[in-house]
Structures are given as C-alpha cells and as structure tokens.
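A.B. asks: The residues making up each chain are set out below.
There are 2 protein chains.
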Amino acid sequence: MSETPLLVRDVPEEALLARIFPLLPGAPTTIVGPGDDCAVVAAPDGRYVVSTDVLVEDRHFRRRWSSGYDVGWRAAMQNLADVAAMGARPAALVVSLVMPGNLPVEWVTGLARGLAAACTPSGAAVVGGDLSGGDQVVVAVTVHGDLEGREPVLRSGARPGDVVALAGTLGRSAAGLALLDAGRSDDGLTATYLRPDPPIAAGPRAADGGATAMLDVSDGLLRDAGRMARASGARIDVSSAALATDRDALRDAARIVAPGGDDPQLEVRSEDEVRTLLDAWVLAGGEDHGLLATFPAGIELPRGFRTIGVVHGAGAQGDAAAAVTVDGESLRTGTGWDHFRG
Amino acid sequence: MSETPLLVRDVPEEALLARIFPLLPGAPTTIVGPGDDCAVVAAPDGRYVVSTDVLVEDRHFRRRWSSGYDVGWRAAMQNLADVAAMGARPAALVVSLVMPGNLPVEWVTGLARGLAAACTPSGAAVVGGDLSGGDQVVVAVTVHGDLEGREPVLRSGARPGDVVALAGTLGRSAAGLALLDAGRSDDGLTATYLRPDPPIAAGPRAADGGATAMLDVSDGLLRDAGRMARASGARIDVSSAALATDRDALRDAARIVAPGGDDPQLEVRSEDEVRTLLDAWVLAGGEDHGLLATFPAGIELPRGFRTIGVVHGAGAQGDAAAAVTVDGESLRTGTGWDHFRG
Chain A
1 MSETPLLVRD VPEEALLARI FPLLPGAPTT IVGPGDDCAV VAAPDGRYVV STDVLVEDRH
61 FRRRWSSGYD VGWRAAMQNL ADVAAMGARP AALVVSLVMP GNLPVEWVTG LARGLAAACT
121 PSGAAVVGGD LSGGDQVVVA VTVHGDLEGR EPVLRSGARP GDVVALAGTL GRSAAGLALL
181 DAGRSDDGLT ATYLRPDPPI AAGPRAADGG ATAMLDVSDG LLRDAGRMAR ASGARIDVSS
241 AALATDRDAL RDAARIVAPG GDDPQLEVRS EDEVRTLLDA WVLAGGEDHG LLATFPAGIE
301 LPRGFRTIGV VHGAGAQGDA AAAVTVDGES LRTGTGWDHF RG
Chain B
343 MSETPLLVRD VPEEALLARI FPLLPGAPTT IVGPGDDCAV VAAPDGRYVV STDVLVEDRH
403 FRRRWSSGYD VGWRAAMQNL ADVAAMGARP AALVVSLVMP GNLPVEWVTG LARGLAAACT
463 PSGAAVVGGD LSGGDQVVVA VTVHGDLEGR EPVLRSGARP GDVVALAGTL GRSAAGLALL
523 DAGRSDDGLT ATYLRPDPPI AAGPRAADGG ATAMLDVSDG LLRDAGRMAR ASGARIDVSS
583 AALATDRDAL RDAARIVAPG GDDPQLEVRS EDEVRTLLDA WVLAGGEDHG LLATFPAGIE
643 LPRGFRTIGV VHGAGAQGDA AAAVTVDGES LRTGTGWDHF RG
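Taken in order, these protein sequences are the chains called A and B. If you use this note's numbering, the first sequence corresponds to residues 1 to 342, in order. If you use this note's numbering, the second sequence corresponds to residues 343 to 684, in order.
You may find that some hints are simply not true.
[Unchecked claim] Below, a sample of chain A positions facing chain B; criterion: calculated Cβ distance under 7 Å: (1) Ala85; (2) Ser132; (3) Arg155; (4) Gly157; (5) Leu215.
No lab work stands behind these hints, which were simulated from the structure alone. C-beta: ideal position from N, C-alpha, C; glycine also.
Extracted from the complex, chain A is given alone in its bound form (with noise of 0.2 Å):
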C-alpha cells in the first residue's frame, strides 16, 4: 500500500516554515533568530567572512540520486568549506529554497535535517531563508565565519619554497558520481559524492599554523592548485607520487567504471581506460572540498595535512599551462599525464 506522499503546494507557507525552524541549528552567537526582516549575529572579531555557494537541480544533484537530506547536507558543508578555507569557523548559515509544487514536503524538511547535521559540528546555526516556487529544485547558501582573530588566509599568498599539503581526500566524489552513471553504488565512494565530509576543522588549524596560502578544491587539484599559483605568481609542483595513495583507493571503482570494465575478455584495454580514469579523478575530480595549503618549509604540518608538493617561482614564462605542474612536467593538452601512471 504505497501512499502518496504531501506535497509542498498543498501546504501554506507558513505551515511549510512551521516544518522547518524547529529542524534549524541554532547557535549562541545568534541574537536575532529566524522570523523577523534580518537575523542578527555576533560578530565579535569585528569582521565576518561570507560566500555563497548554489546547487541547481539536474546540474549538480538528481533526486533519484540525492534525498533531500543529501541535497542539505552537500550545500551546507561545500559552504562550509569555503569559511574554512580562509581560516575561519563557520558561524551562520542561511538559505534560499526554490521548489517545484510537486516536491514532497519529506523532502524539504529531510533537507533542513541534512543542512543540520552538516552544521551541527562546526557550532554553525541557520538563521534566516527564504522559500519560492520555480520549475527545479535551487539550494542557494550564504554561509558567514568568523576569523576569531586570525588574518585570513588567501588563495594569493604562496611563497616559493612553501610546502604543498593538502587535509582531505581527491577524486572520491567524482569516483562515487561515476558508478551512480553506471548505474552501480558503492557505499563509501558514492557517500563522498551525495555527502562529501570535508576538514573544516583543519582550516583554522591551518591558518593557526602558518599557512601562506589556502583555497577549498571544489573543482579539481590541478585547476585550483592552478588558481592559487596564479593569484600568488608561483607555480606548484605536485608529486604524483603523493598521490598514489589516492590512486589506489579508487582503483576498483575504475575497474568497475571504465568501458570494458568488470568484463574480462577486455582486460588490457581496460586497465589503460582504468588509469586514465583514476588521473581524472584524482587531478581534476573535485567536490571532496578538501583543502590545499601552502605552509613555510620546514614547520610541522597541522593535524590532517599531508605534503604533496612544493611552491617554486613562476619562471620567466609565466603562463597559464605552466601554473602547476606534476613531477616537473606541465600537463598540456595532448602530452597527456603518462610520467603519472605506474
């Protein structure tokens, strides 16, 4: 007996908020709550830092594929990520909801829980929103941190000879979207892509432990080593072989991805579609939000960072291909990353 379930367009606004405020985290640096014109909220560094961030139905979630507590969950920490990312401790969060009138109200009030269980450990409260109808579902994010006194770290501030670290995982959500393509699930990959769990507790112990430089990868290793190299006039050098533990972790899922793959009789060509998969994922997947920093050489990483390459000067060049390279060598298109496969 399957019943059908309460649709947003059969609930007044109102009711529809009724569901949610009391699913929302609240926090002490909340002053004024949600309900009136403005949350207010304390900003007792004198500063606050703020993004925003949009996840747009059918481009970067399918709901056969995300409920809506994954939906919550996603666009609160890929938010989250960026207030780390400058060194800060996410404070406050609020969101604009567009929804489709056929959209479950389970769903909306799964992703005030997602959204709650994302903040929960980083202290973050929601405090205000907005709702609207629209033909997809939109989860606009503007999330607030505070610096609690530290300078904030920029994307621009890498130094030749920094060390490259990274606090986080590469090409697991890419991975985990790629079976969900293909039509098969894997329990920890596919949860780093419908739930990725970035360190955002690793970005104010960054900055408290002296790094120069920092961003959130969100879009793929090379291309936003790429941008910090650039903003900072440098060029990062990244060790393939810092990476090979990354490589091997998505292995089967290459091998259950890659055309050809689980079908024996197309072993050979499979293993070369398996590397080039693995390449793309570990270089260019992003959405695991895991954050690079560069720190000055020889002082001890803060907990979670692990070195995986180093910062030189741009060179006389200067251009944009060379921004990052891997074991030295640039990754134009067409040479390929063969110096990466092993």
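With chain A's structure known, arrange chain B on it following the hints.
C.D. replies: Relative to the frame of chain A, chain B by itself:
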C-alpha cells in the same frame, strides 16, 4: 539589421566573471572583495544583520517586461529594504545567479549594473557571488547591514497606544504589474513595479527616532501589519482616511485595468471594479517595500513617515482575523471593505 546577441553558453565562466566584476560596487568596509573562497567584511559594531531573498523568473518577474538591469535593481532593493527594516545601514551583498545558456550576456551585465545602481546610494558593496546554469533565471541575494550601535528594531515591539506610521508608497507596484498584465504601461507605476525605490535611509532614521517595531511591506499592508500585530500581541487599526491619497494616485490606473475600463458604456459597473482594485492594491499589494513602523504616541515622526493608524491591545478574543482592523472594523472574508470605499 539585427545582430544575434552573445549568449552566456558562448562565454567561459571566468570570462563572464571578468565582465561582471568591474561593474560591482565596492565599499571601504570590504576588507577582501570577490575572488577568494570568501569575502571579508568589517563589522565595527560587533554584530551584523543578514537576510536573503530570491527572485525566480516567471514567478517574480518576466523577461519580456523586466530587463537584467530591472531584475538586478529589484533583487538588491527588496533585500536592502529588509536591512533598513531592522534599523540598520546596508553594507554588503552576495549574489547567486542561475541562468539558462540562452540568456544574453548583456542581460547578465545589465543585472550587475542594476545591482550597482541600487546599492550605490546606500553605500553597500557586492562582495561575492556564484554562477550556475539552470532552466530558468534565479537571483538569490543575501544582504548584510550594520546596526551602527543601534538596537535592532524587531516586528514584535509594538505597544498599545503607539502610532502606526508608514514611509514609502502603497499599491504602486501592484498597479504597475496590473497595467503590464493588461498590455498597458505608465511611466510612474510600471517603473515602481520594475524598479521599486523603497526609503532605505528611513530605516536607520526610524530606529534613531524611537521606533518600537518595524518591518518592510513586501506582502501587502494588511498581511504585514497583521504579522507585526501578532508578533507584538497587539491589534493594529489602520485609518482609511490616511490612505486616501494612496488610493487617489492609483485611480487612473484602476480605470484602465478594471473590467470595462476605458469603455464609457460600462462606466457604472467599472466604477465598482475600480474601488475593488484600489482596495486590493493599497491594502494587499506588496513590493513597494515601504517601511511600516510604530512609534510612541506624541513623539515627532522621523522624516519620511506619516501616521496611518494606531496600536491597540489585542483584546479578549485575540484571534488572527482581528490582528488588523480598518477604521475599527475587521476585514473578514465576505464582509468586504465597504467602509473603506468613498
């Protein structure tokens, strides 16, 4: 000779951002502007107010009526009004923009110009944002304000005996929308719908002038006054005489829009419809974003405010329907607004 406009799908995201960034207004309170994981904004007061509002294509605007500039202006203004309604000064906005690939680039740069034009008089900066593809245009703005040492003015502080006052206009946006719906235009009223101009500076003035409660009228006078009355445990009585000038200013538009309007054969039926429309626009029309505030009796109202009613005790029944009265009478469905007509 008509030229095909450049579309957003033809332009890489970074190139689009490069066109947008120079158009966005800055402010001295911006410590770190757009381009890093977060912006950093000064909060000299040790607190900030924050609110978010979303505009969705075909729900809140139509592209055939509203240019990108109009939508940017309106998205900013409806958010700035929320800050003003707390008694705060607008300081910083972040903007998430979802857009279909066939949106002209010029529409997006127009949106940036409209945001800038609306923000500049208040001194607010646009400090960050996010771009995404999607099926329809969605503009989600989060606004931040500085209380400059003031206590926030909540909607819950109205006390029996207080004067109810309004800064700004009533019904002009609703009348402007009705004219557009009827295929007509009027420079003044349609402009209020397309580019509302709420009295932002009147918000801090009201707080300094002793306002006990305040909100911005976004959903119509009766509905928003009802929210204030219920939050305050009070009843708000509006004087119909005080709204006569608001009605008179819309009479010509109502004559055009009313069924039978413009047709002298239908003058009698039409005049009744005119009164119904005027009631609907002035009492239930939102989105002029005027500021509704209450002040202790006997004090001089801050510049820009005029008296439109008085606060009473909630009375024994205290039910929702009696939270607002007009000339002492409740406006239950079915009883109509006849006492309001003259």
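A.B. asks: Indicate, hint by hint, whether the structure satisfies it.
C.D. replies: Evaluation of the provided hints:
{"no.": "1", "hint": "Ala85", "verdict": "4 Å, holds"}
{"no.": "2", "hint": "Ser132", "verdict": "5 Å, holds"}
{"no.": "3", "hint": "Arg155", "verdict": "6 Å, holds"}
{"no.": "4", "hint": "Gly157", "verdict": "10 Å, violated"}
{"no.": "5", "hint": "Leu215", "verdict": "5 Å, holds"}
The structure is inconsistent with hint 4 alone, although it conforms to all the rest.
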